[in-house]
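Once you've looked at the hints, dock chain Y against the given chain S.
Quick note, the sequences are listed as chains S and Y, same order.
Per UniProt numbering, residue 14 is the first one in the first sequence, and the count goes up by one each step.
Per UniProt numbering, residue 14 is the first one in the second sequence, and the count goes up by one each step.
Just so you know, not all the hints are guaranteed correct.
[Claimed, not checked] The calculated label-pair distances, taken between Cβ atoms and stated as ranges, are:
#1 Y:Ala220 - S:Ala307: 38 to 48 Å
#2 S:Ala223 - Y:Leu194: 33 to 43 Å
#3 Y:Asp351 - S:Asn28: 55 to 65 Å
#4 Y:Asn213 - S:Ala198: 30 to 40 Å
#5 S:Ala54 - Y:Gly121: 33 to 43 Å
#6 Y:Ala307 - S:Gly207: 23 to 33 Å
[Unchecked claim] Below are the BS3-like pairs computed for lysine-lysine, each with C-alpha atoms no more than 30 Å apart in a straight line:
#7 S:Lys59 - Y:Lys230
#8 Y:Lys93 - S:Lys93
#9 Y:Lys164 - Y:Lys130
#10 Y:Lys164 - Y:Lys59
#11 Y:Lys130 - Y:Lys93
#12 S:Lys59 - Y:Lys59
No lab work stands behind these hints, which were simulated from the structure alone.
Please read all numbers here as calculations on a predicted model, not as lab measurements.
Positions of the beta carbon are idealized from the N, C-alpha and C atoms, including for glycine.
2 protein chains.
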Amino acid sequence: VDAELMAQAQTRLDNKTKPVGSLGRLEEFARRMAAITGSLAPDTEKKVVFTFAGDHGVTDEGVSAFPREVTPQMVYNFLKGGAGINVLARHVGAQVRVVDIGVDHDFGDTPGLIVRKVARGTRNFAQGPAMTREEAVAALEVGIGLANEAKQEGVALVGTGEMGIGNTTPSAAIIAAFSGLPVPAVTHRGTGIGDGALANKVRVIEAGLALNQPDPKDPIDVLAKVGGLEIAGIAGLILGCAANRLPVVVDGFISTAGALVACELNPHVRDYLFAAHQSVEVGHRAMLDRIGAAPILDLQMRLGEGTGGALAMGLIEAGVRILTEMATFEEAGVAEGDY
Amino acid sequence: VDAELMAQAQTRLDNKTKPVGSLGRLEEFARRMAAITGSLAPDTEKKVVFTFAGDHGVTDEGVSAFPREVTPQMVYNFLKGGAGINVLARHVGAQVRVVDIGVDHDFGDTPGLIVRKVARGTRNFAQGPAMTREEAVAALEVGIGLANEAKQEGVALVGTGEMGIGNTTPSAAIIAAFSGLPVPAVTHRGTGIGDGALANKVRVIEAGLALNQPDPKDPIDVLAKVGGLEIAGIAGLILGCAANRLPVVVDGFISTAGALVACELNPHVRDYLFAAHQSVEVGHRAMLDRIGAAPILDLQMRLGEGTGGALAMGLIEAGVRILTEMATFEEAGVAEGDY
Numbered sequence: 014v015d016a017e018l019m020a021q022a023q024t025r026l027d028n029k030t031k032p033v034g035s036l037g038r039l040e041e042f043a044r045r046m047a048a049i050t051g052s053l054a055p056d057t058e059k060k061v062v063f064t065f066a067g068d069h070g071v072t073d074e075g076v077s078a079f080p081r082e083v084t085p086q087m088v089y090n091f092l093k094g095g096a097g098i099n100v101l102a103r104h105v106g107a108q109v110r111v112v113d114i115g116v117d118h119d120f121g122d123t124p125g126l127i128v129r130k131v132a133r134g135t136r137n138f139a140q141g142p143a144m145t146r147e148e149a150v151a152a153l154e155v156g157i158g159l160a161n162e163a164k165q166e167g168v169a170l171v172g173t174g175e176m177g178i179g180n181t182t183p184s185a186a187i188i189a190a191f192s193g194l195p196v197p198a199v200t201h202r203g204t205g206i207g208d209g210a211l212a213n214k215v216r217v218i219e220a221g222l223a224l225n226q227p228d229p230k231d232p233i234d235v236l237a238k239v240g241g242l243e244i245a246g247i248a249g250l251i252l253g254c255a256a257n258r259l260p261v262v263v264d265g266f267i268s269t270a271g272a273l274v275a276c277e278l279n280p281h282v283r284d285y286l287f288a289a290h291q292s293v294e295v296g297h298r299a300m301l302d303r304i305g306a307a308p309i310l311d312l313q314m315r316l317g318e319g320t321g322g323a324l325a326m327g328l329i330e331a332g333v334r335i336l337t338e339m340a341t342f343e344e345a346g347v348a349e350g351d352y
Numbered sequence: 014v015d016a017e018l019m020a021q022a023q024t025r026l027d028n029k030t031k032p033v034g035s036l037g038r039l040e041e042f043a044r045r046m047a048a049i050t051g052s053l054a055p056d057t058e059k060k061v062v063f064t065f066a067g068d069h070g071v072t073d074e075g076v077s078a079f080p081r082e083v084t085p086q087m088v089y090n091f092l093k094g095g096a097g098i099n100v101l102a103r104h105v106g107a108q109v110r111v112v113d114i115g116v117d118h119d120f121g122d123t124p125g126l127i128v129r130k131v132a133r134g135t136r137n138f139a140q141g142p143a144m145t146r147e148e149a150v151a152a153l154e155v156g157i158g159l160a161n162e163a164k165q166e167g168v169a170l171v172g173t174g175e176m177g178i179g180n181t182t183p184s185a186a187i188i189a190a191f192s193g194l195p196v197p198a199v200t201h202r203g204t205g206i207g208d209g210a211l212a213n214k215v216r217v218i219e220a221g222l223a224l225n226q227p228d229p230k231d232p233i234d235v236l237a238k239v240g241g242l243e244i245a246g247i248a249g250l251i252l253g254c255a256a257n258r259l260p261v262v263v264d265g266f267i268s269t270a271g272a273l274v275a276c277e278l279n280p281h282v283r284d285y286l287f288a289a290h291q292s293v294e295v296g297h298r299a300m301l302d303r304i305g306a307a308p309i310l311d312l313q314m315r316l317g318e319g320t321g322g323a324l325a326m327g328l329i330e331a332g333v334r335i336l337t338e339m340a341t342f343e344e345a346g347v348a349e350g351d352y
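Just chain S, same shape as in the assembly (with noise of 0.2 Å):
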C-alpha cells in the first residue's frame, strides 16, 4: 500500500473540525483506503459481497446441527432475497453475488447463480484429504477471477461470506494447523450443537489432523487437506484483491479462515484486508491474532453468509465520508486547539 498516501489522509483528517484523532477508527479506515486504493478520495460507491457456497464431506461425522441440504436451500434463499446477508447487504447499499464453487446439487440453470463449481463438495477429511492439490489451486483461482472481474467491472468495495452446512469444523482445523493451538482451544459450536456433539467435533478435526498431517508451511497443503472450496475461493478472492488495490472485508470465523491462507501465502495481503467483526467462534480471535487485524465491530455474531463484513462496509465507507465530506477548521471558519 502506499505509505505516503496514508500519511497525507491523515494530515487531512487533521484539519477537519474536530480533535485530532477524534473519529479513532474511522480516522484508520479513511487513512487505510486511501493507501489501498492510491486516493485521497477513495471510491466506495460500488459494494459487492461474494456468499461462495461449498459442501462438506466431514459432515458425514455429525459435526453440523443442521442437514446437509441446508447449503443449497440457502443458495436459493439468497437468490430469492431472504437471507440475513442479503437484508444487511441491502440496508449498506451492497450487492450479493451468490457462488456454487461446490455445492453437492446440480443447480441446473438458476438464474443470478455465479456457477464456478469445483466438485460437488469436498470428501470427509476425517478419512483422507478433503481435496485434491488440484482441486484446491482451481478454487483459489475461482476467487481470484471474480477479483479480478470485479476491479475491471468499477467493484469498489468487496466483501467476503459463504454458505456451507459444517464448515467451522475445515475452519477450526485450519487454525489448529497454522498455530499448532490445541484443537478444543480453537474449536466452537458453529450453528449451536450441544457437549457432545462439540467434544465428537473435537475429536473429529483432531483424528483428522493426525491423519492427514497438513504441512504449516505450505498453505496449500493446509488448504487441501482440512480445507473447503468456499474456504479456498475466499482465499483466491482475497488474494486477487490486493493484487488488484481493492479493498476487502472479510466477514467471521469461516471468512477469516479463507483470509489466514491468503495472508499465510502473502503477507502484504493483510494491508488490504478489513477484519469486520469478532465472531463467537472461539478459535476466530486466535485466526485475528495470527494476520494482525483488529476486528471493526463485535455485535456477537456467528450466522456468516458475509453478515458481519456488510455491517462493516458501512463503517468503513462512513470513515471515508469523513475524509471526502467534513469542513477543514479553515472552511468553517473554526479556531485550531492548543493542546
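For chain Y alone, kept in the frame of chain S given last:
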C-alpha cells in the same frame, strides 16, 4: 416496555432462516425496538439527532484545549453541514437539529437553528453552582418539549448529541457525584489536553464538588450545581422519549452524563435507550455500568456531537430490518436445525 411483545419478536426472529440467536445483538436491537414501540414492525424511517449546544463557565479554569468561541463557531458549522455529525447523520439517513440551549453568543436570526436558550452558558462551578435549580429545570423542559414535538411529528428514532467547549468537565463531575468514585478515575483528556492540564482539570472538579456539595440523591441538584445546559437538555430529551415510547440512542461521554441524570430521576428510562458506543473518556464506563447499558460500538471515538449515536442508529435499523425482512424457514423451504 412491553415484555410480551419482546418475547413475540424473539419467537419471530427464531423462525428466520438462521441458527437461533446467531445474529447476536442485532436480535437484541430488534426485540427491544419492538418492546419500546409496541410494534412487531418498528418504524425507523424518520431519524433525528438533536445536537444541543451550551457554554461552560468552568472554561475560565483552563480545562479545555479549545477556546470558548469554538462553541458558536461549531454551531455555524453544523448549520452549514460541514461537521462530523452532519456527515455521519447523512450517511445513516438521519437529520441533524441544532439546539441553542445555552451558548454564550447572540445568533440573531440564524436560519435552521432551534433557539431555546436558557442562559448564556453556565457559571463557573469552581466558584459556585453552575446553574440555579430553576435554570436546570428549564433546560430539562426544553429537552422534554423537543421529545414531545418529535413524537407528534412522527420521528421514529432519536439520537442525542452536544457541542460545548469544556463539557467533559461537568460530565466527569456528574459521574463522580453520583458514584462517589474518585475524580481522577473518571476524568480524562477531553479534546486532548496534556498531563498538566489534566491534573488541573481533576483539581477543578474536586474543588467544585467540595464547594457545591451536590446531593447524589437529588439528581436535579447534581445537574444544577456541576452540570451543563446541554447536558440538562439531553437528560430532558431522554426523559421525554421514554415517556413517549420513542427509542433514543445515547452518544458518548457527555450524552451519557445526561442519560445518567435521566435514569437517576427515573430508572425505567433505561429500557428506552441504546448506548451507542464506548467512548475513549475513562469515566464513560462507570456511567454505562451505573445505567446498566452495553455499548454497541467501540471505535475509539471521542468527538461527541452525536457522531457515535448516528453510527449506532444504522446498526439498530439493521436489526429491525432482520426482524421485518428476513424469510422464515417455512417461507424459504429451508430445513431447521436439530440442536
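*Unsatisfied constraints (hint numbers, rising)*: 2, 4, 7, 8
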